[in-house]
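Colleague: Both chains come to you apart, so use the hints to assemble them.
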Amino acid sequence: MTEQPRPLIEITDLVKQYDVLPVLRKLNLTVHRGEFVALLGPNGSGKSTLLRLLCALTRPTSGEIRIGGWSLPKEINAVRAQIGLVSHKPLFYENLTATENLTFFGRLYNIPATELPDRIRQMLDEVGLIKRAHDLARTFSRGMQQRLSIARALLHQPDVLLFDEPYTGLDQLAGGILDDLLRKAHQSGRTIIMTTHQLERAEALVSRAVIIKKGVIGYDEPINPANPPNLVKIYTEVTGMVNAL
Amino acid sequence: MTTPLWRTVFSIIRKDLRAELRSRELVSTMVLFALLSVLVFSFALELDRTARQEVVNGILWVTLVFASILGLNRSLATERELGGMDAMMISPIPRMAIYLGKMVGNFLFVLVVGLVLLPIMTILYNMVLIQIPLIATLILGVFGLASIGTLLAAMTAQTRSRETLLPIAMLPVIIPLLLVVIAAASTVLKGDDAWNWIAVLGLVDAIYAALGLLLFEYVIED
Numbered sequence: 001m002t003e004q005p006r007p008l009i010e011i012t013d014l015v016k017q018y019d020v021l022p023v024l025r026k027l028n029l030t031v032h033r034g035e036f037v038a039l040l041g042p043n044g045s046g047k048s049t050l051l052r053l054l055c056a057l058t059r060p061t062s063g064e065i066r067i068g069g070w071s072l073p074k075e076i077n078a079v080r081a082q083i084g085l086v087s088h089k090p091l092f093y094e095n096l097t098a099t100e101n102l103t104f105f106g107r108l109y110n111i112p113a114t115e116l117p118d119r120i121r122q123m124l125d126e127v128g129l130i131k132r133a134h135d136l137a138r139t140f141s142r143g144m145q146q147r148l149s150i151a152r153a154l155l156h157q158p159d160v161l162l163f164d165e166p167y168t169g170l171d172q173l174a175g176g177i178l179d180d181l182l183r184k185a186h187q188s189g190r191t192i193i194m195t196t197h198q199l200e201r202a203e204a205l206v207s208r209a210v211i212i213k214k215g216v217i218g219y220d221e222p223i224n225p226a227n228p229p230n231l232v233k234i235y236t237e238v239t240g241m242v243n244a245l
Numbered sequence: 001m002t003t004p005l006w007r008t009v010f011s012i013i014r015k016d017l018r019a020e021l022r023s024r025e026l027v028s029t030m031v032l033f034a035l036l037s038v039l040v041f042s043f044a045l046e047l048d049r050t051a052r053q054e055v056v057n058g059i060l061w062v063t064l065v066f067a068s069i070l071g072l073n074r075s076l077a078t079e080r081e082l083g084g085m086d087a088m089m090i091s092p093i094p095r096m097a098i099y100l101g102k103m104v105g106n107f108l109f110v111l112v113v114g115l116v117l118l119p120i121m122t123i124l125y126n127m128v129l130i131q132i133p134l135i136a137t138l139i140l141g142v143f144g145l146a147s148i149g150t151l152l153a154a155m156t157a158q159t160r161s162r163e164t165l166l167p168i169a170m171l172p173v174i175i176p177l178l179l180v181v182i183a184a185a186s187t188v189l190k191g192d193d194a195w196n197w198i199a200v201l202g203l204v205d206a207i208y209a210a211l212g213l214l215l216f217e218y219v220i221e222d
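In order, the protein sequences belong to chains C and A. Mapping of the first sequence onto our numbering: residues 1 to 245, in sequence order. Mapping of the second sequence onto our numbering: residues 1 to 222, in sequence order.
Quick caveat, the hints were computed from the structure, so don't treat them as lab data. Be aware that a few hints might be false.
[As the list claims (entries may be wrong)] Distance ranges between label pairs, derived from CB positions: (1) A:Ser161 <-> C:Val216: 32 to 40 Å; (2) C:Arg138 <-> A:Leu32: 21 to 29 Å; (3) A:Ala210 <-> C:Gln17: 29 to 37 Å; (4) A:Gly202 <-> C:Asp118: 42 to 50 Å; (5) A:Glu25 <-> C:Val20: 38 to 46 Å; (6) A:Leu17 <-> C:Asp135: 14 to 22 Å.
[What the hints assert, rightly or not] Computed list of lysine to aspartate or glutamate pairs in DMTMM-like fashion (alpha-carbon distance at most 25 Å, straight line): (7) C:Lys26 <-> C:Asp13; (8) C:Lys26 <-> C:Asp220; (9) C:Lys74 <-> A:Glu221; (10) C:Lys89 <-> C:Glu126; (11) C:Lys131 <-> C:Glu94; (12) C:Lys131 <-> C:Asp118; (13) C:Lys74 <-> A:Asp86; (14) C:Lys213 <-> C:Glu237; (15) C:Lys214 <-> C:Glu64; (16) C:Lys89 <-> A:Glu163; (17) C:Lys89 <-> A:Glu221; (18) C:Lys89 <-> A:Glu217; (19) C:Lys89 <-> A:Glu25; (20) C:Lys214 <-> C:Glu237; (21) C:Lys233 <-> C:Glu35; (22) C:Lys233 <-> C:Glu221; (23) C:Lys74 <-> C:Glu64; (24) C:Lys89 <-> A:Glu20; (25) C:Lys89 <-> A:Asp86; (26) C:Lys74 <-> A:Glu217; (27) C:Lys89 <-> C:Asp179; (28) C:Lys184 <-> C:Glu165; (29) C:Lys89 <-> A:Glu81; (30) C:Lys26 <-> A:Glu221; (31) C:Lys131 <-> C:Asp171.
Just so it is clear, CB atoms sit at the ideal spot from N, CA and C, and this is done for glycine as well.
The following block holds chain A by itself, in its conformation from the complex (with noise of 0.2 Å):
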């Protein structure tokens, strides 16, 4: 009696895009804040060619890291708000599903934000920062954020104070994948293999996932 697992996923992650391609309320609000952030950056910092190098990962990661929390916030509170929530959970589809499906849509429209970013920081600071193995960085680390932010997202959406309860929750869980994302990238940019550091990256999103996958479910039932 349970509808398939990959139908409900496909059904919440084409519900979301088409919601989000109408309105453009999560991406648009994201991709502004992130913008006037790496300016209000670029502004304030007066770097050197060397100093550019070690702070531009920080400035990418730290916008991204603020675009998501405002971004995952408001994904999960319009489902609570309307009920949609409530709808998806007393139709008979794993819990799973919803998780997945959220969670994808996160990734996707955080991911949005993270390849309008590279170019305009590339110009920004004068540094090339689309290089294969630095997309590979931000995909993976928008995956790591989009997984285990959708799973916190939805704790924090049930309460009052969850514009506030959100970072307070989530950037403490995010700091091990920041330090590999940064380690990821910082070696990209000085011209070096990082590959290895890119494998530990998939690790610590598998395990975020993991988490993700045997907790939402909890956290979403009274």
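Looking at chain C on its own, in the form it has when it is part of the complex (with noise of 0.2 Å):
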């Protein structure tokens, strides 16, 4: 019998709470290396707070994170070093062009300087910005903005993946070039997690889909591409947001 591989990220009892407002009620959630979790669920469910919890943000109220063996706050800075977050925010500057963004971020993430330009060369080209390499951040688009978050956010190699709401004002070009790089980050052997809305994208790219109501769990299942499910009538029954969709 082979033994079942020890989670990448688990998550027991997990409470979150803001003054006095819950957001998170001991919620557990385990994420083995490789998949990609669809985090589901409506606004204010808890779905960014739980991103901003594994990205070590924001502090938890009690429970237990653990990353990679690593535990959550004890060691922070080794659960940092093997995440990368591309939000709905650039999380970069404006002022400073792609390179420069990325040879920022590499130094803080400690990539030794004779490796770094190659390691930003690649990232460019990956994300396909090593024409606007030397271009201010600002002059870049929404969808091109986004592109150059992922390679900011795979620049160190980190094993999990989070994003957050990252189809947030991207047209269907710019949400196409994404799916395809969200795609190839899965395939690389990234385990990702994405809170998203779009639900017929998420039945697309995603190996399995984690709704949450209110705080905890309401469902989670693995997507199944030959026969995938159907994810709009699943979240209507589990959200009971009939209206929204």
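Modeller: This is the structure we're talking about:
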């Protein structure tokens, strides 16, 4: 009998409360290496809070988070080194060029100076921005900004990629390019957790769908690409948001 | 796994200087505000030589304080608006490095304003303000403003009413600094030895910087 590998992300009885308002209520979730998880749920359900907790931007009220065997918040920097975050905000500097931005973040992740220029060129090439490497980030379209964000998140070769509403503000073309980049990142073996309201996109991309309702997991099933479930129907049933869809 | 402190601090300073050299957003706003303020003061106050000697330090430091509040607000708000602060926060760097990097950047920007003001006020108020003890007072005074200001601006940048909140939070806290700065500068202008006051100013700076280093982590995390 083969032993089941230990999950890459283990969340146990996680509670997050802002003042007296509970956002996550004893949430439990495990994610294995290589999974691509869509985190779905209505606004205010706790999806973004969960991502902020996973990248240690905020501390849990109680409960435990372990990523790659490291515990939060005790081994916070070991966890941070394994995580890349792409949010709806650019998370870079408009008055720096694409290369300058990546150089800055590469230094923060302690990437050796001898390795950094090649790594930056490779990342910009992967996201299709190599020709704009020396242009100021403020001259980029929203889609290009999101691609630069992905290059920044991938630069230090993290095991886990977190995407918080990455499609916000993207047109169809830019959304399609982002789909391809997400597929590539998943195929390269990375573990991805993405919050989104775009259920059809999630259905086509991810290997597992998790729906959060009022701070707890309301649905958690793998997605079989050969026979995908009707996520829109499931979402409506779990969240009770018939009119919203 | 943590990136070394000084490598991070220098990277943040270099990033801030490069972005500022390109946009000139912070320093030009602060310099313009400061120049207009000292001009308004010079027209509004009809002063004889003795009165000028008494108020010139007040004018310089009130102007610098308000100019620094403008700059500090902008410096930290930009980090929040575009998520630069979050991007730094999720990287494996000591929180102290973010504070030191931002503080040194803010110090340099406000110092530029002070160094522009000194010769201009020398002309406008017909007093010799370019003297080594006065420049030392300026450097230490601005350092104090930047150390406590960066901490408070990081705190207020997370709120919606940051523009009004920073002066309300900062002005009472910098009163000890202002008292010592004015005492040191007035002593210099009277032609007396001000190095004791300058030493006290260094002590006030050390307290503010220690507060910043100790509290920054708690201020920027939820």
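Colleague: So, for every hint listed, does it hold in this structure?
Modeller: Going through the hints against the structure:
no. : hint                              : verdict
1   : A:Ser161 <-> C:Val216: 32 to 40 Å : holds, 34 Å
2   : C:Arg138 <-> A:Leu32: 21 to 29 Å  : holds, 22 Å
3   : A:Ala210 <-> C:Gln17: 29 to 37 Å  : holds, 32 Å
4   : A:Gly202 <-> C:Asp118: 42 to 50 Å : holds, 46 Å
5   : A:Glu25 <-> C:Val20: 38 to 46 Å   : holds, 40 Å
6   : A:Leu17 <-> C:Asp135: 14 to 22 Å  : holds, 20 Å
7   : C:Lys26 <-> C:Asp13               : holds, 4 Å
8   : C:Lys26 <-> C:Asp220              : holds, 16 Å
9   : C:Lys74 <-> A:Glu221              : holds, 15 Å
10  : C:Lys89 <-> C:Glu126              : holds, 21 Å
11  : C:Lys131 <-> C:Glu94              : holds, 17 Å
12  : C:Lys131 <-> C:Asp118             : holds, 15 Å
13  : C:Lys74 <-> A:Asp86               : holds, 19 Å
14  : C:Lys213 <-> C:Glu237             : holds, 11 Å
15  : C:Lys214 <-> C:Glu64              : holds, 19 Å
16  : C:Lys89 <-> A:Glu163              : holds, 22 Å
17  : C:Lys89 <-> A:Glu221              : holds, 18 Å
18  : C:Lys89 <-> A:Glu217              : holds, 22 Å
19  : C:Lys89 <-> A:Glu25               : holds, 21 Å
20  : C:Lys214 <-> C:Glu237             : holds, 14 Å
21  : C:Lys233 <-> C:Glu35              : holds, 23 Å
22  : C:Lys233 <-> C:Glu221             : holds, 14 Å
23  : C:Lys74 <-> C:Glu64               : holds, 10 Å
24  : C:Lys89 <-> A:Glu20               : holds, 21 Å
25  : C:Lys89 <-> A:Asp86               : holds, 10 Å
26  : C:Lys74 <-> A:Glu217              : holds, 15 Å
27  : C:Lys89 <-> C:Asp179              : holds, 18 Å
28  : C:Lys184 <-> C:Glu165             : holds, 18 Å
29  : C:Lys89 <-> A:Glu81               : holds, 8 Å
30  : C:Lys26 <-> A:Glu221              : holds, 22 Å
31  : C:Lys131 <-> C:Asp171             : holds, 21 Å
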